[in-house]
Amino acid sequence: MAVLTRYETVIGIEVHAQLRTSSKMFCSCPTGAAAGEPDEPNTRVCPVCLGLPGTLPVINRRAVELVILTGLALECHVETDAVRFERKNYFYPDLPKGYQISQYALPLCSGGRLSVPVPSEGTEVLVDITRAHLEEDTARLQHGGRDHSLVDFNRAGVPLMEIVTEPDLRSPAQARAYGEALRDILRHIGASDGDMETGSMRIEGNVSLRPMGAADLGTKVEVKNLNSFRSLERAMEFEVARHAEALGRGEQLTQETRGWDEGKGRTVSQRSKEEANDYRYFPEPDLPPLRPAAEWVARLRAGMPELPVARRTRYRQSLGLSAYDAAVLTADVELAEYFDAVVAEGVAPKPAANWVTGEFSRLLNARAADGLRASGVALRPAGLAELIAEVESGAVSTTTAKTVLARTFHAGESPRAIIEAEELGGLSDTRAIGEAVSEVLANHPAQVAEYRSGKTQIYGFLVGQVMRHTAGRADGRLVDEELRRQLDGEQ
Amino acid sequence: MISRQDVEHVAALARLGLSADEIDLMQGQLSRILEAVAQLRDVDTSQIGPTAQVIGLENVMREDEARAGLGRELALANAPLREGPLLRVPVILEEGR
Ligand SMILES: [Zn+2]
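Chains D and S are the protein sequences, given in the same order. If you want my numbering, it's the 1-based position in the first sequence plus 295. If you want my numbering, it's the 1-based position in the second sequence plus 30.
There's no promise every hint is true.
Said to hold, decoys possible - Pair by pair, the computed Cβ-Cβ distance ranges are: (1) Ala673/D <-> Met91/S: 34 to 42 Å; (2) Glu113/S <-> Gly417/D: 48 to 56 Å; (3) Ser410/D <-> Pro115/S: 41 to 49 Å; (4) Glu93/S <-> Ala639/D: 30 to 38 Å; (5) Gly86/S <-> Glu640/D: 50 to 58 Å; (6) Glu103/S <-> Gly346/D: 13 to 21 Å; (7) Glu601/D <-> Pro110/S: 47 to 55 Å; (8) Leu60/S <-> Leu548/D: 31 to 39 Å; (9) Asp556/D <-> Glu93/S: 42 to 50 Å.
Stated by the list, open to error - Output of the computed footprint for chain D on chain S, the stretches with three or more beta carbons under 8 Å from beta carbons of chain D: (10) 41-50; (11) 80-93; (12) 98-109.
Calculated directly from the structure, the hints in this document are not laboratory data. Quick caveat, the model's predicted, so the values are computed rather than measured. Idealized CB from N, CA, C, for every residue including glycine.
Take the sequences, apply the hints, and build the full model.
In structure tokens, the structure reads:
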């Protein structure tokens, strides 16, 4: 890797995040299929998002709010003077109007920053945010065959936020850490689902290398088609190595767009992109100017939810959780909220974190593909708190509690009711345990004699018999006491 | 007079294939349009701010409430080509997005 020390890696990130609104950016069409319904192509469309003549766009207030909220979370300047929408013109079948309504000269938010912890490097990098602006998504094109494509307009006009950084990242690991930190923020403030796999968050990495100490940037390559944070990191690693090799051979790199091929683990050159000025941006004449009122921005600032960094600090410092638990919980705001609710029920933070990030998450992840989130789990935080309390008091074993959790996770029944109804609770009645022990000893005279003759290894076998006899419900400590009393005491 | 290259470039952006004769024709017509619009340069605008809107409205927004739009059949009623629930279009191979 000697070659890498000669060059400095320079990465900037562009993120497109679908905003969490019910309706589209400029019309009232739903942004998603109704819960539980399949998403049928070309059903969420209207004259506005199909670009039919004579229609007029109207701005979705919530979409503007979510971008302002994001801007505030990223310490951006939020424009209250004049915000402008502009037409980005190009002809492609994914764009029914022949232009995309976007923002160019006067974006909603600009000049922010985000401090990103990079655990793998033991550092924290400060990333400057160039801008965060609002635009509309395009239709989805499907490959139809050699000579045609198929268009689904359901996605056309869905509100999209573009967030661009300065080229401040110095390694693929930092790029990934930035993407994850941004995702956590978007989820915390409810701006976006931030899901790379489903495309509600899309990332492009701009990478270049320059000789150590040089001020000018090298030739930049833009990498697209990244479906996970892992692919982002791998694609950046691939490009850094490719650039270093080319530069080492004295070759000139081409400024281009490349696509990441996950299967082959490499990037491939894509079609050349139109020059920026070919988009012929001009102010959108169909939309009156937007001047977000200072009071509106102040109100949004006042209502800002707790951000991931603050939440992680609180988890570590006030609740005494490990850095790992704090990171796992804050990576999913719904999980964090669920955890907070369990703690609010009076459960100690550590066991609450163990259960929420452990068995609860395992059951949740098993259904993640169906879109199940913590807020949708039938067992509510009070129920999980009840179960944890049963374990902590020693009333049920951890194993039994896991079984109960699996049963009530999707049903939402009270864990305590299940434990009582099925007598899963531990047998802590000394008399009952005493009877079980007597019976086991009476049934195994040979083993008892063996033990008493000094071959005490047989003791474990006798414990096992008592546990079997009580169907595993007996409290281990009491069984031990009673066995020793009867074996050693009554000679 | 704009150049033939300009005409070809604009045609490529508009995804139009022009014959040599058509390029000549467009070169003349587009040049005359640009000349006509260029007359605006003679107007003194030193006292006028940039104006993208003249209707005097601002902050026109709607609440985020979803409503059903057109049904699929209505939406695709005028589509020249369909394939099941999808609109069918020729594939675009030239430089593009
Ligand atoms: Zn619509």
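Hint by hint, here is what the structure shows:
Distance hint for Ala673/D and Met91/S: a CB-CB separation of about 37 Å, consistent with the stated range 34 to 42 Å. For the pair Glu113/S and Gly417/D, the beta carbons lie near 54 Å from each other, so the given range of 48 to 56 Å is met. As the Cβ distance of Ser410/D to Pro115/S is approximately 46 Å, the hint placing it in 41 to 49 Å holds. Remark: the range hint 30 to 38 Å for Glu93/S to Ala639/D is upheld by a beta-carbon distance near 32 Å.
Hint check: Gly86/S to Glu640/D, Cβ distance near 56 Å, so the stated range 50 to 58 Å holds. Distance hint check for Glu103/S and Gly346/D: the Cβ-Cβ separation is about 18 Å, which falls inside the suggested range of 13 to 21 Å. In this structure the supplied range 47 to 55 Å holds for Glu601/D paired with Pro110/S, their Cβ-Cβ distance being about 53 Å. Look at Leu60/S against Leu548/D: about 37 Å separates their beta carbons, and that is inside 31 to 39 Å.
One distance hint, 42 to 50 Å for the beta-carbon pair Asp556/D and Glu93/S, holds here, with the actual separation near 43 Å. Counting residues of the segment 41-50 of chain S whose C-beta sits closer than 8 Å to any C-beta of chain D gives 3, which meets the bar of three, so the coverage hint holds. Using a Cβ-Cβ cut-off of 8 Å, 10 residues of the segment 80-93 of chain S lie near chain D, which meets the minimum of three, so the contact claim holds. Beta-carbon proximity to chain D at under 8 Å applies to 7 residues in the segment 98-109 of chain S; the threshold of 3 is reached and the given coverage holds.
Every hint from the earlier list agrees with this structure, and none is contradicted.
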